[in-house]
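S.K.: Join the two chains, each given in its own frame, into one complex according to the hints.
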Amino acid sequence: MTTATTGAAAPTRAVGTAHTRVEGRDKVTGAARYAGEIPFADLAHGWLVLSTVARGRVLSVETGPVLDMPGVLTVLHHGNAPRLHTDYVGMLGVPPDLTAAVFQNDRVPHAGWPVALVVADTSEQAREAAEALVVTYEREPHDVAFSAGHPDAYPADGHMPALTEKGDLEAELAASAHVVDEEYTTPEEHHGMMEPHAATARWDGGRLEVVDSNQGTTWVVDELARMFSLDASAVRVRSEHVGGGFGSKGVRAHQVSAVMAATVLQRPVRVVLTRRQMFSLTGYRSPTTQRIRLGADPDGRLRALDHRSLNQTSTVWEFVEPSAGVARIMYDADAHRTENRVVRLDVPSPTWMRAPGEAPGSFAVEAALDELAEKCGIDPMELRLRNEPDGGPVSGLPFSSRNLAACFREGARRFGWADRDPRPGVRREGRWLLGTGTAAASFPAGAMPSTAAVTAEPDGTFTVRISAADIGTGARTALTLVAADALRVPVERVRTRIGDSDFGPAMIAGGSMGTRSWAWAVTAAAGELRERLVPGGTVPPEGITVRSDTTAALAALAQKERHSFGAQFAEVAVDVTTGEVRVRRMLGIFAAGRIVNPLTARNQLVGGMTWGISMALHEEAVRDRASGGLYGADLAGYHVASHADVPAIEADWVDDPDPDDPVGIKGIGEVGIVGAAAAVANAVWHATGVRHRNLPIRPDRVLEAGGPRV
Amino acid sequence: MATSTSSTVTLNINGEKHTLSVDHRTTLLDALRERLDLTGTKKGCDQGQCGACTVLVDGRRTVSCLQLAVASDAREITTVEGLAEGDRLHPVQQAFLDLDGFQCGYCTPGQICSAVAVIEEHAAGWPSAATGDVRPEAGPPALTPEEIRERMSGNLCRCGAYVQIVQAVARAAAETRTETEEAAA
Numbered sequence: 000m001t002t003a004t005t006g007a008a009a010p011t012r013a014v015g016t017a018h019t020r021v022e023g024r025d026k027v028t029g030a031a032r033y034a035g036e037i038p039f040a041d042l043a044h045g046w047l048v049l050s051t052v053a054r055g056r057v058l059s060v061e062t063g064p065v066l067d068m069p070g071v072l073t074v075l076h077h078g079n080a081p082r083l084h085t086d087y088v089g090m091l092g093v094p095p096d097l098t099a100a101v102f103q104n105d106r107v108p109h110a111g112w113p114v115a116l117v118v119a120d121t122s123e124q125a126r127e128a129a130e131a132l133v134v135t136y137e138r139e140p141h142d143v144a145f146s147a148g149h150p151d152a153y154p155a156d157g158h159m160p161a162l163t164e165k166g167d168l169e170a171e172l173a174a175s176a177h178v179v180d181e182e183y184t185t186p187e188e189h190h191g192m193m194e195p196h197a198a199t200a201r202w203d204g205g206r207l208e209v210v211d212s213n214q215g216t217t218w219v220v221d222e223l224a225r226m227f228s229l230d231a232s233a234v235r236v237r238s239e240h241v242g243g244g245f246g247s248k249g250v251r252a253h254q255v256s257a258v259m260a261a262t263v264l265q266r267p268v269r270v271v272l273t274r275r276q277m278f279s280l281t282g283y284r285s286p287t288t289q290r291i292r293l294g295a296d297p298d299g300r301l302r303a304l305d306h307r308s309l310n311q312t313s314t315v316w317e318f319v320e321p322s323a324g325v326a327r328i329m330y331d332a333d334a335h336r337t338e339n340r341v342v343r344l345d346v347p348s349p350t351w352m353r354a355p356g357e358a359p360g361s362f363a364v365e366a367a368l369d370e371l372a373e374k375c376g377i378d379p380m381e382l383r384l385r386n387e388p389d390g391g392p393v394s395g396l397p398f399s400s401r402n403l404a405a406c407f408r409e410g411a412r413r414f415g416w417a418d419r420d421p422r423p424g425v426r427r428e429g430r431w432l433l434g435t436g437t438a439a440a441s442f443p444a445g446a447m448p449s450t451a452a453v454t455a456e457p458d459g460t461f462t463v464r465i466s467a468a469d470i471g472t473g474a475r476t477a478l479t480l481v482a483a484d485a486l487r488v489p490v491e492r493v494r495t496r497i498g499d500s501d502f503g504p505a506m507i508a509g510g511s512m513g514t515r516s517w518a519w520a521v522t523a524a525a526g527e528l529r530e531r532l533v534p535g536g537t538v539p540p541e542g543i544t545v546r547s548d549t550t551a552a553l554a555a556l557a558q559k560e561r562h563s564f565g566a567q568f569a570e571v572a573v574d575v576t577t578g579e580v581r582v583r584r585m586l587g588i589f590a591a592g593r594i595v596n597p598l599t600a601r602n603q604l605v606g607g608m609t610w611g612i613s614m615a616l617h618e619e620a621v622r623d624r625a626s627g628g629l630y631g632a633d634l635a636g637y638h639v640a641s642h643a644d645v646p647a648i649e650a651d652w653v654d655d656p657d658p659d660d661p662v663g664i665k666g667i668g669e670v671g672i673v674g675a676a677a678a679v680a681n682a683v684w685h686a687t688g689v690r691h692r693n694l695p696i697r698p699d700r701v702l703e704a705g706g707p708r709v
Numbered sequence: 000m001a002t003s004t005s006s007t008v009t010l011n012i013n014g015e016k017h018t019l020s021v022d023h024r025t026t027l028l029d030a031l032r033e034r035l036d037l038t039g040t041k042k043g044c045d046q047g048q049c050g051a052c053t054v055l056v057d058g059r060r061t062v063s064c065l066q067l068a069v070a071s072d073a074r075e076i077t078t079v080e081g082l083a084e085g086d087r088l089h090p091v092q093q094a095f096l097d098l099d100g101f102q103c104g105y106c107t108p109g110q111i112c113s114a115v116a117v118i119e120e121h122a123a124g125w126p127s128a129a130t131g132d133v134r135p136e137a138g139p140p141a142l143t144p145e146e147i148r149e150r151m152s153g154n155l156c157r158c159g160a161y162v163q164i165v166q167a168v169a170r171a172a173a174e175t176r177t178e179t180e181e182a183a184a
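So the sequence lines, in the order shown, correspond to chains A and B.
Each residue of the first sequence is one higher than the one before, counting from 0 in numbering that gives the first Met the number 0.
Each residue of the second sequence is one higher than the one before, counting from 0 in numbering that gives the first Met the number 0.
Treat each hint with caution, since some may be false.
Claimed, not checked - Derived list of chain B stretches under chain A, where covered just means 3 residues or more per stretch with a C-beta under 8 angstroms from a C-beta of chain A:
| # | segment |
| --- | --- |
| 1 | 44 to 58 |
| 2 | 105 to 116 |
| 3 | 141 to 152 |
If you're looking for bench data, these hints aren't it; they were derived computationally from the structure.
Here a beta-carbon is modelled for each residue, glycine too, at the ideal position from N, C-alpha and C.
For reference, chain B alone in the conformation it holds in the complex (with noise of 0.2 angstroms):
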């Protein structure tokens, strides 16, 4: 029921809908963790600077306390909890626990939807501020240590995971480009 303070809205969260009434304050990070009890995604700031609550938005990351649930209706929207098949780890989950890419967890669920993010936007080709070349005749950037330092610049983690984190993208990233070229071929 819509009021002059809240709004019905239907979200779709790692493939499942959920249409609930929320205070027109709310973020999409609040109603994650106080309504959904969603609670991977984390809070670190609260105003955009840490990267802690990173999700999906249409494939797409966001920062999920920057935005507003009332401006997440019909979204698709994909969270930590989403990423993992059954007992199957995401490849950047794997990578991030088997190489130690965190010590308290708390950076992790951001890091690792931004991580996903990364791989995906580097193999469509998009540049970064790190890449050389970004005319589009000169294909898409190696994927290297300054690539991905680069464009997960936005995930801090305090407790200084950088060297095991940047490790760990790097080996996703290669079993997915593996993965890939498998299918194809």
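Chain A with its partners taken away, still in its complex shape (with noise of 0.2 angstroms):
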């Protein structure tokens, strides 16, 4: 037994103070072991096999020639498949995407559908067996063409209500002095997270154990429980390390055809996508056309703002892109409507990514608004300014913070906006344009029920343990100075553990709301075993543990508009010869409650910007109407922004703690990304004249819109 020492009268103050990741010296040495790295006795490798038609029906897998190939140890496909349970609602409040319960049926709904796992010794031979296997199918029209006057398209909720409607619209629109109506669009886009998924089955002792590369361990365990009719006690997933997720990495094909295969073989089995197999396998971001239309007085206040948004989905999920969500919160007008529709297509399923409606929405609003200063001669801030809202402009609630205008005005100060001049087309240093662009952001700030586990040790240490998943936030990182904060001991005597469903139930890392939601439930654990431990006192060799629980705090929370903010400024350079667009510099000041560790917060702001860059400039995944699937589903055809590409990015904040949140955080994940396309979109109007309501903005768009010539 040892004294228990916690430091009751000499608060420590980690949080706030820049804190290398607890984790980094493995990753800069490359200990750190990620989902397909975990060593197994007797693993065997599994290769998916996907459709190579759009539509139709598999008629059959010619399994024999494969089965008598070196190493082969079996072809999973829906003739001789384990059945899943799929009529379930799952943690987010979802039904499953039918896209990872695999083999099912011979239906093929999309171009790279998983038909058949082949098993073998060596991931080499399961791979060639893979490429031999011949499948045949059932051929039927498909429909994977998404455009805005699609007949199919019908209103859908999703998270939220298709549909929020107050005033005369057509009324006001007449009214205004100033009318913007235009038409938006943003590409298919995808994760690309380094990582591809991964994940080990095995059984052991009657239970299922999934090593596994995702968001969340308990949600998995929840998916896979409910898919395979097991108890989920009876589930473990672990997930210590993960490349990157962006909101692809959920419960998808790779798991549950590796818990098919383990089950079947009574062995080990590892399967991991191919980069090119992510593409159709691991959702992405739909393409959305928007229409905008904006009403003004002639000192730029709104009358009517209207914003409908098209997405496409596949036919065995839907999902809803929620892009017109953004004015609910942004904006208000005297007529305000806002609508979400969706179209079923022959495509592979979209998912969350990035600021989810946020991230294409904020483009269309961000840059309409910027026409709408252009028409009514005001400055792009000072218009955004003029509209700032008192409360929710749909829901009516109070914001519990709305600090927009401290983050434009510091922004400015920092950018040196005063000294813009307005017009467009006008500046030129060789055969380069310049122009410069801002653009509000702003993302929800939530919590979600988690549990938390805190011991004192006997060493005079603490564990902690919680299933969260830090997919590169930092959240590990963070938890632990939060976690040192609550228990008044220095940092280095905390050590935190995370991605274990064993751990309890947790928020997944998602929704901005990760670290929110774990700080949440270490704070509490920590707090009363901090009060427990009697200076001076002993802790027995089993250390004293102390769990919690905030679902009972979360639900007393009061109703308010919850949410984070941003201003984002670009400046770029645009090539009158070749087209190419360069973003010179970028800033980005944020109002997103406490920051934890200034750090690893100022990098994920900047990756969020970064993001942003890449949706604006590069990012596009192309869908051939032919085939259905898409052209170049790789890292080379699909570009995503390289250090090439990224000038100096700037992010900083402003004071804005969350006064209801234990600490003060409200959520940095996603609110990064969103404005960030429109900033620099805006800021290729100031360079050109020309504007590009059609990402990304390609080299050959610019040349094609033509603009101020020599």
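M.R.: Below, the structure is given as structure tokens:
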């Protein structure tokens, strides 16, 4: 037994102080092991076979010749795979995407649909056999052509009502001094995290164990347990290091097929998706077409706002990219209408991708506001400040805090906005046209119920256990700092263990809610533990553990509009001879709650802004109408911003602690991308005098659009 | 033992020789990860497009997913596991850690191996596409952020940690120069 020594008298101040990542050393030395890197004895390797037709049904899977190939152990397909239960609503309140529920029938709903898994002793054997496997199909005509006027489009709710409506839109538009009425489009975009989805499944003493790369171990347990009709306590999922997620790493075909194969073969089976397979199996951001109508008085005050967005989804899962949700928070008008619609096509299922809704929606809304500012002859920042709402434009609820104006003022000061000449197309430097642009950002700040355990160890250290996921956010480090402060001990005495479903239910790393949700639970457990430890008292050999559950505390929160905000600024140079757009500098100022770790927070916000550059200028997955698949489904054909595309980007914040959160956190994972693409597009207009309403702003589009010449 | 589908190779990795029989289809990347348990080298795309599998082969940057293990026989291979000297991190590793030159960490070993070679290539006077004056008499270009970005562009980071990576490479390069100068003096 040793003496309990929490520092009751001297509170530490770890939160708010820069701290390198607690697992950083493991990551820079290669010691950190990701899902596909944990060794298993007697491991077999599975390789998925995907459909080559975009719609139809499987007539035959010619397993015979493949089973005779060296090392091949089995071929799973709809004719022999275990049956799954899919009629349920999961932890996130939605039914499963049937893309993950593999081999349940002969239907092929899109190109790149999983039709078989070949399992062999080595990955080389599995791959060759998978490529040799002959599958015959009955083809049916497919429709992958997404367009604004698609006749099958319908309003859909998703995570928010499809439609909100108040006032007489046509009357207010008619009475407006200035009107903007434009259509904006964003393309199909892919998560492209660097670590491909990977899972190893095995049965261990009647318990299913899955080592996986995901955004929430208890989420994956919940889904696998339901699909395989197991008790959740009979499933354990571990996911210690995750090589990026961005919304894509939930339950997918790799875990489900690995569990099937491990069950059939009774040996550990690993399934790793190839980069190409990821493009049809792991979700993506749907393309959108968005029509925006704005009407304003001469002074820029909005009288009318109409935002209608359409996205595509698959025939096996309804996913709404809620782009029209942006204006429900950001801007009010006497007449206000927003609507999200979807159309089901013979395409893979889209899913959540960093700032779903806000990313494409803010591009359209913030670009339209820039056009309105031009028409009104008002500075675009000033236009936004004049339209700051008193409360939620749709809900009428008060904002918990809304420090957007402070972000704009600080950003304008640091960016040098006051010196800006508003005229477009007049700044020239050699063959480059120069311009600057701005846009606003917002993202919901929320928390979901989570549990945590904090243990006082006999050696004077503390162990935090929580089923959190660190997908690169810095959550593991942030929770260590939060725990240290709640315990009032130095950071070095706290060890945080995450990524294991046996630590109990917790929120996923998603919706910018992970760190806030987990920190709440850690604070509660650590605070109670500190009170329980008597100064000078003793800790038994097994330690003293306190558990927390935030369900009740979160249910007691008052209804408010809770959001992070931000102001984005960009300077671009446009090459009039090649049409190339280069971002020269970017600045984002955010009001995003209390910043736990400035080092990692700045990185994450800059990362979001980097995604904004990538969205504005590079990313575009192009679907071939004939085959129904993508052209160039790889990291050469699908370009994400590289080193050479990204200039000096600065992110900073204003003081904005959330008054209702124990740590003051709001969440920073997504707000960095919101408005970023619009700021770049608005800067391109300022440089060239040409509006680009279709992303990405490719060189050919710049050249075709014309603009100032020498 | 050599067969029609496998051969015996000796891989010299981080100064240690490993003799093993490999399937001819096995890439250097898979030999490292699946056969030798050196999982620090990452597989991001398996087709030479992302840079996550970058290692040094005879001192040169190589994407190990595009090199067969049988073609790596007797070559000097350095992976991320071979950069630190005991507990002392390589200056590039230390700079990545201190300046937060990563988020998820999956591209990091490739970025670090690439950066180590970038610093050496630059010190050796190699120009890049970002170099203004490539005449030999112009001397080595300054290792500006633009030079680093150009030279590091084969390594994708989807988390978007490029800003911090460039700072880390610049710091490590400056430290390396200082060490070299001190050693010379």
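S.K.: A separate judgement is required for each hint: does it hold in the structure or not?
M.R.: We went through each hint and held it up to the structure:
{"no.": "1", "hint": "44 to 58", "verdict": "holds (count 6)"}
{"no.": "2", "hint": "105 to 116", "verdict": "holds (count 5)"}
{"no.": "3", "hint": "141 to 152", "verdict": "holds (count 6)"}
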